[in-house]
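Kindly produce the complete structure, drawing on both the sequences and the hints.
Protein chains: 4
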Amino acid sequence: MKNSLLGKLKFTHTHFPRLNEECGIFGVSGSKDAATLTALGLHALQHRGQEGCGIVTYDGKSYHSERKFGLVGDNFTKKQSLEKLKGKIAIGHNRYSTTGGETIRNIQPFYADLHGGAISIAHNGNLTNALLLRERMVREGAIFQTTSDTETIVQLVARSKKTEIVDKIIDTLLQIQGGFALSIIANGMLIGARDPHGIRPLVLGKLKNAFILASETCALDIIGAKFVREIENGEVVIITDGKVKSRRPFPKKQQRPCVFEYIYFSRPDSILKNKTAYEYRKNLGTHLAKELDIKPDVVVPVPDSGVPAALGFSQESKIPFELGLIRNHYVGRTFIEPTQQIRSLGVKLKLNPNQSSIKNKKVVLIDDSLVRGTTSTKIIKMLHDFGAKEVHMRIASPAIKYPDFYGVDTPTQEELLAANKNLEEMCDYIGAKSLKFLSLDGLYKALGFDKRDKDNPQFTDHYFTGEYPVRPLDYLNDENLKKLSFLSLASNN
Amino acid sequence: MKNSLLGKLKFTHTHFPRLNEECGIFGVSGSKDAATLTALGLHALQHRGQEGCGIVTYDGKSYHSERKFGLVGDNFTKKQSLEKLKGKIAIGHNRYSTTGGETIRNIQPFYADLHGGAISIAHNGNLTNALLLRERMVREGAIFQTTSDTETIVQLVARSKKTEIVDKIIDTLLQIQGGFALSIIANGMLIGARDPHGIRPLVLGKLKNAFILASETCALDIIGAKFVREIENGEVVIITDGKVKSRRPFPKKQQRPCVFEYIYFSRPDSILKNKTAYEYRKNLGTHLAKELDIKPDVVVPVPDSGVPAALGFSQESKIPFELGLIRNHYVGRTFIEPTQQIRSLGVKLKLNPNQSSIKNKKVVLIDDSLVRGTTSTKIIKMLHDFGAKEVHMRIASPAIKYPDFYGVDTPTQEELLAANKNLEEMCDYIGAKSLKFLSLDGLYKALGFDKRDKDNPQFTDHYFTGEYPVRPLDYLNDENLKKLSFLSLASNN
Amino acid sequence: MKNSLLGKLKFTHTHFPRLNEECGIFGVSGSKDAATLTALGLHALQHRGQEGCGIVTYDGKSYHSERKFGLVGDNFTKKQSLEKLKGKIAIGHNRYSTTGGETIRNIQPFYADLHGGAISIAHNGNLTNALLLRERMVREGAIFQTTSDTETIVQLVARSKKTEIVDKIIDTLLQIQGGFALSIIANGMLIGARDPHGIRPLVLGKLKNAFILASETCALDIIGAKFVREIENGEVVIITDGKVKSRRPFPKKQQRPCVFEYIYFSRPDSILKNKTAYEYRKNLGTHLAKELDIKPDVVVPVPDSGVPAALGFSQESKIPFELGLIRNHYVGRTFIEPTQQIRSLGVKLKLNPNQSSIKNKKVVLIDDSLVRGTTSTKIIKMLHDFGAKEVHMRIASPAIKYPDFYGVDTPTQEELLAANKNLEEMCDYIGAKSLKFLSLDGLYKALGFDKRDKDNPQFTDHYFTGEYPVRPLDYLNDENLKKLSFLSLASNN
Amino acid sequence: MKNSLLGKLKFTHTHFPRLNEECGIFGVSGSKDAATLTALGLHALQHRGQEGCGIVTYDGKSYHSERKFGLVGDNFTKKQSLEKLKGKIAIGHNRYSTTGGETIRNIQPFYADLHGGAISIAHNGNLTNALLLRERMVREGAIFQTTSDTETIVQLVARSKKTEIVDKIIDTLLQIQGGFALSIIANGMLIGARDPHGIRPLVLGKLKNAFILASETCALDIIGAKFVREIENGEVVIITDGKVKSRRPFPKKQQRPCVFEYIYFSRPDSILKNKTAYEYRKNLGTHLAKELDIKPDVVVPVPDSGVPAALGFSQESKIPFELGLIRNHYVGRTFIEPTQQIRSLGVKLKLNPNQSSIKNKKVVLIDDSLVRGTTSTKIIKMLHDFGAKEVHMRIASPAIKYPDFYGVDTPTQEELLAANKNLEEMCDYIGAKSLKFLSLDGLYKALGFDKRDKDNPQFTDHYFTGEYPVRPLDYLNDENLKKLSFLSLASNN
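Residue numbers (the numbering used here), protein chains in the order written: chain V, 1 to 493; chain A, 1 to 493; chain H, 1 to 493; chain G, 1 to 493.
Read the hints as simulated data drawn from the structure, not as lab findings.
Be aware that a few hints might be false.
Derived pair list, reagent style DSBU-like, types lysine-lysine, alpha-carbon separation capped at 30 angstroms [unchecked claim]:
(1) Lys381/A <-> Lys206/H
(2) Lys168/G <-> Lys162/H
(3) Lys318/V <-> Lys275/G
(4) Lys86/V <-> Lys68/A
Among chain G residues calculated to face chain V with C-beta under 10 angstroms, some are [stated by the list, open to error]:
(5) Val72
(6) Gly224
(7) Tyr264
(8) Pro308
(9) Glu322
(10) Gly466
C-beta atoms are modelled at their ideal positions from N, C-alpha and C, and glycine is treated no differently.
Below, the structure written as structure tokens:
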């Protein structure tokens with residue numbers, strides 16, 4: 001599908017910035033501290049989304065909802081606010097930070113009163129046929145309040161002809177396409193679901209008699225919960241009365257988790273298939289070092305995401321690891337660039353070279369990936385300005401040539417450096433002495449496989465290969481690219 | 001219907017506090033200052049609702065919306081915020097101030113994306129079958145975002161099977177019951193509508209080439225617009241390209257405007273059927289004076305609503321009019337009552353006796369109406385404390401015995417003083433030397449009629465008579481009195 | 001002094017907008033509800049200042065302070081915030097609303113730690129030698145935090161060489177000049193003081209065992225306190241342990257209260273020398289009617305301040321009183337004037353003609369005073385637009401030709417209409433058919449005197465006569481007109 | 001002095017929490033981007049204080065001030081707000097985050113109008129005789145607005161009898177004692193000063209024609225300025241018209257910078273005496289490794305402050321460095337601990353063990369210092385819970401037994417673990433298998449000296465030795481420990 005698809009995809013992706021998000025979800029059933037546990041879980045998942053966060057609880061009679069812009073730690077820490085979120089069942093959501101004016105309506109979990117009850121949904125991922133489904137429903141009289149594909153799920157549930165709520169949800173899951181992980185409250189049940197390929201992650205945990213759903217295991221650690229297992233691809237779990245039941249409504253498919261959960265998204269201490277993300281990333285560095293063809297003086301990571309790979313690289317190559325770039329953790333909103341005399345300001349707000357580690361040295365600079373190349377260019381310039389003799393860039397993953405449609409906010413193909421330049425041109429663009437990416441083979445080896453299974457790849461690695469496990473229907477047809485709403489909000493409500 | 005109805009109505013009214021509101025609406029078509037004119041119009045209609053206000057405009061392509069808690073004069077006065085509300089068509093809404101936590105979602109105008117366009121609606125009134133209609137639609141999969149009956153109208157339009165938007169709206173009007181005045185933007189048209197009896201008010205004005213819709217004529221005065229005419233009962237006006245077209249989809253009915261628009265709601269300078277509300281109210285005082293059987297020294301109004309009637313009363317009776325109660329206009333939120341030593345605090349925050357006008361005098365105290373009697377009781381006590389010799393209470397309207405269901409926030413019948421006590425008991429309760437109400441005949445005479453037409457009353461005067469022009473279906477059946485939403489919001493969003 | 005002074009005063013007054021304020025003060029000693037009583041008292045005095053308000057209490061060990069922008073009723077009504085203001089002694093202050101950016105530092109009461117204790121001061125009035133005193137102290141090393149003359153008082157107390165706090169305060173009073181009323185907490189005492197002429201008002205009240213100080217008696221009424229007496233001119237009262245002691249440190253002077261407290265400032269129900277302000281104002285109308293030389297159809301007040309005089313005028317002249325102008329009480333911040341089609345917007349936001357009372361009628365329009373004439377001009381234009389046949393303006397006080405320097409925010413002499421035009425020109429300017437002011441003799445008669453005592457006028461009536469009881473030293477010498485601070489605040493803190 | 005002193009110091013330190021702060025200061029003279037450069041410099045110094053920040057500029061005529069709670073990046077990034085801060089001279093200040101209610105008055109820089117001009121001061125450090133000086137001035141009539149010792153400096157300048165402003169400042173410096181670095185604007189000059197021992201840091205930089213003052217060199221890097229030199233101990237620099245003049249008013253003293261600037265406070269990339277703080281800290285780890293007597297499997301730092309020492313330790317000992325603790329950078333306000341089932345919550349909000357690096361391993365845990373021991377205890381418990389076989393704690397500095405009085409917020413001696421327990425007891429308390437501190441000799445060697453010079457120590461190392469270079473007068477006498485203010489603020493203004 002790859003080549004033919006990409007011609008059509010040009011330009012289109014930026015039209016729907018709000019539909020593309022990487023988020024974190026959480027759920028708990030059976031604890032009287034449900035809201036507090038959810039707040040803590042969301043705090044541990046904060047790296048998956050910083051724009052907004054929300055918690056919905058159910059107390060057996062009523063639902064309670066609180067949704068806020070900003071961080072969990074700034075919104076859900078007061079006893080007073082958590083006490084309002086009554087009940088033993090709770091779900092929560094962290095929303096990815098996108099630029100531009102946002103409205104509180106788009107913060108999840110979503111809620112809807114249905115005939116005979118209500119439903120609340122938190123969703124991580126992106127549907128690839130949300131617009132087609134939305135258009136059909138609007139024609140039939142449905143009123144949408146948001147521009148989010150999560151509302152498409154809610155509306156499908158509301159309109160399902162099935163009688164039981166679980167059947168309505170499964171009826172809905174069979175209609176939607178893309179990558180998704182869901183945490184749902186309905187009729188006193190906590191329900192989790194993962195898309196047929198398991199593109200987006202979801203794990204099950206246990207804390208005394210309570211069951212937990214979370215995007216990553218680090219959210220279990222913070223509350224002292226035990227990691228039980230991953231939710232399987234295509235699995236729907238229904239948690240009620242301290243019991244977990246499974247349903248598998250989809251035809252059996254190969255599991256293909258998003259490879260970038262391993263490379264970058266997940267927190268280093270989270271466990272993915274029995275190993276920590278940290279181990280996989282050190283392995284990526286190890287395999288990168290194996291392909292080394294130069295003799296640098298020092299290994300310097302781009303902090304913080306490049307650190308594990310750089311440690312693996314240093315241990316394999318015996319070249320000393322140094323913090324050659326110091327990170328300022330207090331980064332607020334964007335500064336105005338005052339005059340031309342202050343160059344490279346953007347990256348200087350976050351990073352500053354550590355002279356003692358780089359002056360007069362041959363530096364091998366390690367990063368987890370290379371997307372647009374703009375930050376790398378500024379960092380390499382800065383290292384030279386502070387006296388580095390040579391800067392060799394090494395990337396602990398293959399070159400990204402294709403955008404994502406399953407919930408990750410990637411630039412359009414036109415903005416992806418590797419989609420538009422060859423290796424030499426890229427090296428020239430970023431100003432490095434040399435540039436190398438980890439090979440696709442090296443990637444699979446680092447992740448524990450002999451090699452990539454061409455017929456049934458073990459991951460969805462479309463970023464590098466253009467092989468998409470699910471056709472992105474909404475993005476194939478220009479007819480879909482019409483306006484989502486006629487409303488242009490004057491303010492955020 | 002009256003007696004049989006009232007048995008059932010007991011207790012029920014307080015269950016739906018949010019469905020009962022008295023509001024102000026406005027609309028303008030054909031002015032590049034549409035948003036500013038709407039802000040000014042809403043400012044003039046501020047007495048009809050102080051909780052929140054909103055404006056929606058349409059610029060030919062997009063809708064722009066701004067909805068806020070609080071007063072128009074605190075929210076829509078900055079050039080910057082008005083400039084965001086682009087377009088030559090605008091509608092606006094003032095929401096009545098009710099107690100308790102409210103959400104911004106319930107502030108109007110409401111907006112919805114429909115198939116092939118969008119619609120925005122501002123509504124003054126109350127539907128008496130909103131719950132029945134809502135329940136039917138939720139069964140069919142509709143998702144409601146608010147507890148307001150205005151959303152019922154929006155959802156009915158969205159689901160109408162008609163093709164043209166005006167037909168969809170009329171299709172909707174034929175299904176809803178109660179008292180309503182609507183100001184709508186759809187497909188570039190400004191549409192106004194009034195219920196079949198004309199219970200709630202709506203007038204048409206003109207400013208150069210622009211047409212205006214407003215709840216009262218005082219909103220035309222503030223922008224210098226000319227008063228054209230009232231929208232008729234049951235009329236739908238469609239304003240587009242500087243032309244006004246009328247449709248009358250309902251079977252012809254007797255006009256029966258709410259008599260309390262004449263007695264209390266409308267601003268004194270607003271024109272109702274060729275006279276100002278001020279004139280009608282002076283007349284009410286005149287007729288009240290004709291029924292006078294005592295010789296007081298001074299006529300004192302309860303400010304500000306009792307002033308016109310007191311002036312009429314004074315001019316007819318030749319007894320001097322004095323401001324015996326001074327009003328503090330700076331009333332903020334509720335004060336805490338500190339100790340028992342500070343009595344009657346509630347009314348003291350607003351009113352204080354003016355000793356020179358009441359000390360050692362026989363006072364006739366004039367108010368427009370008597371509802372619960374609590375304020376009157378405190379005022380009369382205060383007048384005695386400051387030296388009044390006698391206080392005779394005279395009410396410039398008949399005794400209120402029945403609640404309203406058409407958009408006016410009245411207490412339940414149990415709380416209405418006149419529904420539970422006879423004249424002597426009431427006089428005793430409020431602590432007056434004597435108490436009299438204007439007779440029903442006096443009311444109709446003051447309003448310009450020889451007498452009340454028993455078969456086709458010229459107003460809806462159900463407050464006094466219990467004769468309801470529209471059966472309040474939602475309130476007749478306990479089955480309807482179920483929870484409107486399972487969501488109990490933890491905060492206001 | 002008058003003529004020679006006025007040449008120098010030109011232009012100068014606008015340089016010190018912040019030094020000119022009309023405020024309200026309050027104090028209570030001996031009640032465990034001290035803070036709440038103060039909040040209520042300030043609420044009753046809200047008409048004297050709306051920009052900000054503050055309360056300081058003393059609990060025997062510590063002082064507690066809360067100062068806010070905005071109304072008392074919006075800031076001091078929550079139990080939680082009042083409970084923080086502990087102690088049985090409290091003082092409070094309402095600050096007059098001036099335009100432009102203000103800082104919270106200028107909100108009173110002021111507070112200072114002194115050697116061996118502390119002091120807190122609330123001040124109504126204006127010192128006429130504050131700058132001279134300030135300059136001397138800055139030369140000696142004093143640091144001023146505000147631009148308020150109240151801080152001059154505080155700094156003088158801090159620097160006094162006397163030992164006892166009361167002596168330090170009296171030492172200070174002997175140095176300051178102008179019009180002032182003070183409410184002070186120091187060493188557990190509540191102290192009140194009034195300037196030697198008694199220009200600014202201050203009264204004493206009693207509530208059970210507690211003593212109260214307030215600018216007006218209406219602040220006693222709201223808390224149910226008894227009015228004891230006025231504080232005399234030049235008197236210092238020291239309230240401690242339920243006792244009131246008096247000291248009179250100044251040479252004996254004729255009392256000369258500000259005549260505008262009678263004409264306009266005080267609330268109508270407040271008592272000034274045994275009568276209510278309402279009575280005096282009706283009398284002003286009565287005497288105005290005696291000078292009537294035309295036959296109008298109707299008496300119309302400019303609401304609300306013209307109402308009492310109009311009632312007196314109507315009762316004396318037998319011409320009917322009508323509310324010919326309806327006031328909108330919901331006035332927020334300033335609206336933007338959209339286009340030329342909307343004229344006279346400023347006054348329309350507040351007032352609208354009531355057609356039934358003025359159409360085709362000869363109107364006599366009554367106002368309490370005429371300052372710049374801009375509002376009158378707009379009102380008269382509006383009355384003509386709505387059909388008034390003739391508008392005759394009558395002012396219930398003499399023509400204002402001179403500015404104030406004792407705490408009232410008057411325009412410069414150049415902006416005073418009567419200082420620059422003769423009667424005919426003024427009538428022409430405001431567009432009236434005729435214009436008359438109450439005579440100076442009429443004023444004194446209405447206020448209860450046979451005539452004005454030329455040698456020892458019973459009031460300070462400098463507005464009309466230019467006779468200033470205290471030389472405004474700061475305003476005589478251009479050298480004083482230098483910058484008060486080199487700090488130009490970027491924000492309000 | 002040490003032993004005798006410490007008996008008296010017991011309990012006292014917590015009485016003045018506000019006087020103890022570690023802050024960052026900045027200044028620039030000669031750039032039209034002065035405010036923006038200051039904002040960027042403060043951003044780079046954000047690690048020195050997060051409670052509040054302020055900038056004051058001078059445009060040749062007026063001063064402009066903006067002071068805010070919170071981070072620089074949240075307050076000084078908008079063009080609009082920076083443009084209000086006009087002028088080519090600016091100073092700025094970051095305030096240390098302390099717990100409890102704070103008032104905006106305590107945010108620096110401070111400003112005062114003096115006779116003939118004005119002054120603005122930013123101060124990092126703590127005066128040890130501020131209370132004595134304050135008490136003297138209050139006795140003389142000075143009014144203090146804050147509880148900060150910086151105001152003591154301002155008041156001394158205001159009251160100096162000298163004529164020239166620079167002489168007034170030097171007159172003041174000769175009276176104050178303690179550790180201080182100052183950045184001052186006065187009469188168009190930018191003035192920097194450092195205490196006689198150079199306890200607190202201050203450096204000079206240059207950007208084109210502009211001169212810069214900053215607490216650390218990292219604030220020069222962010223704006224692209226060149227590091228010129230450190231301000232010497234006891235030096236006063238006066239920068240005006242692009243020239244730097246020096247004055248040295250103090251008797252010559254040995255420089256003794258605070259050793260904790262090297263160990264912990266300064267950002268790793270900042271240069272202290274020709275080396276980066278990062279190099280010194282790696283050296284501390286190297287020397288710590290030389291004293292190693294066990295054979296661990298893995299070196300784990302407490303992030304982020306322990307990382308450089310751990311890297312030095314690993315490189316010296318050849319034991320692999322691993323990120324055994326993963327830090328969550330999104331830490332907001334304090335969470336409520338919900339129930340006993342969630343233990344060690346405090347540290348879990350920030351850190352989580354990385355199982356792959358610690359499970360079944362002998363861990364040597366490296367931290368820069370050990371203060372109370374509470375965090376170490378929780379971390380070690382957590383490492384054990386996640387499977388660590390042994391945890392050996394190694395501290396890259398000697399044991400802290402004495403509090404600081406020169407601007408660093410240390411606990412009282414009673415709370416310092418090493419002041420109350422011997423090594424064995426401490427090891428037991430934190431739950432480690434073994435515990436060692438770097439020796440005092442090792443410290444001096446790591447910092448580049450053969451050994452500590454007992455007679456003239458090269459640093460102030462009172463934390464470890466109790467040898468204080470300046471007697472903390474305010475803290476010696478219980479008489480000084482009286483209340484700083486009688487005002488207990490009800491809110492933050």
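So, going through the hints one by one against the coordinates:
1. Lys381/A <-> Lys206/H: Holds - the C-alpha atoms of lysine 206/H and lysine 381/A are around 21 angstroms apart, at most 30 angstroms.
2. Lys168/G <-> Lys162/H: At roughly 29 angstroms apart (the allowed maximum being 30 angstroms), lysine 162/H and lysine 168/G satisfy the hint.
3. Lys318/V <-> Lys275/G: With Cα atoms ~25 angstroms apart, lysine 318/V and lysine 275/G stay inside 30 angstroms; holds.
4. Lys86/V <-> Lys68/A: Holds, at about 28 angstroms.
5. Val72: Holds, about 7 angstroms.
6. Gly224: Holds. Min distance 6 angstroms.
7. Tyr264: Because about 14 angstroms separates tyrosine 264/G from the closest Cβ in chain V, which is outside the 10 angstroms limit, the hint is violated.
8. Pro308: Holds - the Cβ of proline 308/G comes within 10 angstroms of chain V, reaching about 7 angstroms at its closest.
9. Glu322: Interface hint status for glutamate 322/G: holds (7 angstroms vs cutoff 10 angstroms).
10. Gly466: violated, 32 angstroms
In terms of the numbered hints stated before, the structure departs from hints 7 and 10, listed from lowest to highest.
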